[in-house]
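Last residue of the sequence shown: 180 in my numbering, with the numbers rising by one and none dropped.
Incorrect hints may appear among the rest.
List time: in silico EDC-like cross-link candidates among lysine to aspartate or glutamate, alpha-carbon distance up to 20 Å [as the list claims (entries may be wrong)]: (1) K4 with D139; (2) K180 with D144; (3) K4 with E110; (4) K88 with E127; (5) K4 with E127; (6) K169 with E105; (7) K4 with E138; (8) K88 with D57; (9) K4 with E121; (10) K88 with E156; (11) K4 with E105; (12) K169 with D159; (13) K169 with E70; (14) K180 with D60; (15) K4 with E70; (16) K88 with D159; (17) K88 with D134; (18) K180 with D62; (19) K180 with D139; (20) K88 with D139; (21) K4 with D159; (22) K169 with E138; (23) K4 with D62; (24) K169 with E121; (25) K4 with D144.
For each label pair, taking beta carbons as the anchor points, the in silico distance ranges come out as [unchecked claim]: (26) N8 with H155: 24 to 30 Å; (27) S109 with T148: 39 to 45 Å; (28) A10 with M168: 26 to 32 Å; (29) P64 with A36: 22 to 28 Å; (30) Q14 with M168: 36 to 42 Å; (31) S23 with S146: 20 to 26 Å; (32) E110 with N42: 45 to 51 Å; (33) H117 with N8: 40 to 46 Å; (34) H117 with A36: 38 to 44 Å.
Calculated directly from the structure, the hints in this document are not laboratory data. For glycine and all other residues, C-beta sits at the position ideal for the given N, C-alpha and C.
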Amino acid sequence: MGIKYLENTADIEQAFMSRFVMSWETFQIRQNEWIAEMEKQNYPIDMRWYESSYFWDRMDPDYPRVSMAEALNELRAHSGPVLFMTEKGENTCFEGKKSVDYIAEADASELAERIEHDWYESYRLFEQGRYLVDELPEDLYVFDRSMTWCVVFTHETWDWEAESTDMMKAAESRYCIICK
1 MGIKYLENTA DIEQAFMSRF VMSWETFQIR QNEWIAEMEK QNYPIDMRWY ESSYFWDRMD
61 PDYPRVSMAE ALNELRAHSG PVLFMTEKGE NTCFEGKKSV DYIAEADASE LAERIEHDWY
121 ESYRLFEQGR YLVDELPEDL YVFDRSMTWC VVFTHETWDW EAESTDMMKA AESRYCIICK
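All chains, please: the whole structure from these sequences, using the hints.
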């Protein structure tokens, strides 16, 4: 996969955050019932939690939560170059170097193939007690420069029970989000 790491990405990240991630004020309004439920469980959702949470935790709850297959289909529906961004502070070893907090550009179909390969291969290797040395981050935000859409690939799965019985079934249930 051809990849171009972008420099001076603060403007892109800020535009992404403004477009797809709720502000703390909006989050409190849109997630008020969930915040109250967490408070009852003695798990306060405050500004400290908000600032340290994943970007996808702070996205509008109306964005569809979808399967890995649906997210890949959405990404494959786009052609040409797309941007992809890591979660803040996520350490990975990609293309032989340790990388943290980057935004890069790649072809949409090539990126979809790489995301799919890395995710499933990491699960296959884990079953053998091994790991994938060179992989994309598990939390990945893919969008184009117009920021009219975004596909989110998280490190979470829907089927937690399968993780102890059928790793590949668990892999299929990757928690993804489509933002439009």
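* Asked: Failing hints, ascending?
  -> The structure breaks hints 4, 5, 6, 9, 15, 16, 21, 23, 27, 28 and 33; every other hint is satisfied.
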